[in-house]
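Residue numbers (the working numbering), protein chains in the order written: chain Z, 11 to 271; chain W, 555 to 817.
Just so you know, the hints here were simulated from the structure itself, not pulled from any lab data. Accuracy of the hints is not assured; some may be wrong.
[What the hints assert, rightly or not] Pairs of lysine to any residue residues, derived as SDA-like cross-links and limited to a Cα-Cα distance of at most 20 Å, are as follows:
#1 W:Lys733 x Z:Leu40
#2 W:Lys733 x Z:Val37
#3 W:Lys601 x Z:Gly65
#4 W:Lys733 x Z:Glu38
#5 Z:Lys261 x Z:Arg110
[Said to hold, decoys possible] Covered stretches of chain W, going by a simulated chain Z footprint (3 or more residues, C-beta under 8 Å):
#6 583-596
#7 601-612
#8 728-738
#9 743-749
Beta carbons are placed, not taken as given, at the ideal position from N, Cα and C, and that holds for glycine.
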Amino acid sequence: MFYISIFFQYIAQYMKTRMEYRTDMLVEILSDLMFQAVNLVFILVVFSHTNALGGWQRDEIIFIYGFFLVPYALFSSFFNIWDFNERYIIRGEMDRILTRPIHSLFQVLLERMELESLFGAITGVLIMSYAAARLNLSFHWYDLFIFILFVLGGTLVYGSIFVALASIGFWSDAKTSIMPMMYNIGNYGRYPVNIYNRFIRFILTWILPFAFVGVYPASYFLGKTDWYFYAFFTPAVGLVFFVLSVMIWNKGVKRYRGAGN
Amino acid sequence: MSKYLEMIRIRFLMMLAYRTNYYTGILIYSINIGAYYFLWTAIYGEKENIQGLSAGQMVTYVAISWMARAFYFNNIDREIAMEIKEGKVAVELIRPYHYLGMKTMQALGEGIFRLFFFSLPGMVIVHFIFPLKLPADLHAWSFFAVAILFSFIINTEINLLTGILAFFFYNNDGLMRAKRVIVDLFSGLLLPISFYPIWAQEIMKYLPFQGISYIPSMIFTEGFPGTDIYHAILFQAFWALLLVVPIQILWVLAKRQMIIQGG
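Could you put together the complete structure from these sequences and hints?
This is the structure we're talking about:
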């Protein structure tokens, strides 16, 4: 419908602007690739000194990391709102957004999208395939759909946390460093949650559910039956948190008064 | 000389005005240290030690390498690149100081500020949360002080190099990002150098990066056996001196190459 056609129009526009600066795009993709490689190197080096990490094998950890990269890539492409406060509230850009007949969050997300980050998903799939081949994992035909569902769930988990944080800007326009902090907390989800203590595990599952981006959904494909319960929760957690964050956003928009002078 | 001291002072005061930004910085670093704390505890599991480091030493290593990073880390490569792009560097060049020297002093002012308002309180906080093993004798502390001074020098020199390259490339953003990844990985911030496979260690012996993080952190955790500590400091001193050469060469070339648009 209307929103879908708007979505593709934004993408077409985006492609046009980015294709003008191809080298910049290439540089960005390459440096993303390097950051992903660093984490892989860490795992590889660590496993040259140990055989298991909290009961997980080397290739399982690599698989989890590969899986994590896919929702993370989607999140980085479509939820690039870490500087929302500065860009839209302090500079008053939100005024422009609010005069248009499309949901404000939808517009902000589309304006700020960074499709280059999608290449991270390819890296993720490659890493997963490597690990899956070494683990001799077998998949059913329906696993592809479960994969898509889990990836979307994980993306929504990440997205909703950052939308909720961006909404804080409506109440207080002071500069905060919560966003970068959250990026660092998100990294906890790349590793099996059972290595953390109970308190952190609880937070990563129910408060800031980053575990639903990496370990939990990935454990389904690894055949870790103990974790299936959590794995199948992934889409629901993503959806619930997303609805909550949109509600917070909507409440915030009502409070928006413009920067004015 | 006094004008450079003044530069340090001004930068320090400037940072002081925005000190609230740093409280969250400490939190972010603590979160990172926490993540690595749990990771390493799980990696060690039953093991007494890996590559000569005990689990307790490893936790201390992680904590000190992050907190020391607050001291030596700076963005002068980004600042220099920005000033070159915006053409401000032309004005800077006619001022009565050495541009690179002034940048280094600003970085030092920033570093000293973060040492007192970030690293020290951060270390105290982290010490309460995680079981750290601080060095017992004064010897290790004084060697550590020398080592982090050198790590500041080496890191700043590398930043100056990448910054100056903006004179030659239209856009050196990618280069600066690549540098960041390389420094994080090969300086020993994420992994002690002794954990890497032998062939990688052999290569890193000929690179300056381990002087940035690995050497001071190993000194702090008392992980160097015997006289290795002297070799380590010498290694740092050697690179601190050697890196001056490419900086000077590039600087001379850069000034010749410079074209200022408009006036």
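* Violated hints, by number in ascending order, as checked against the structure -> none
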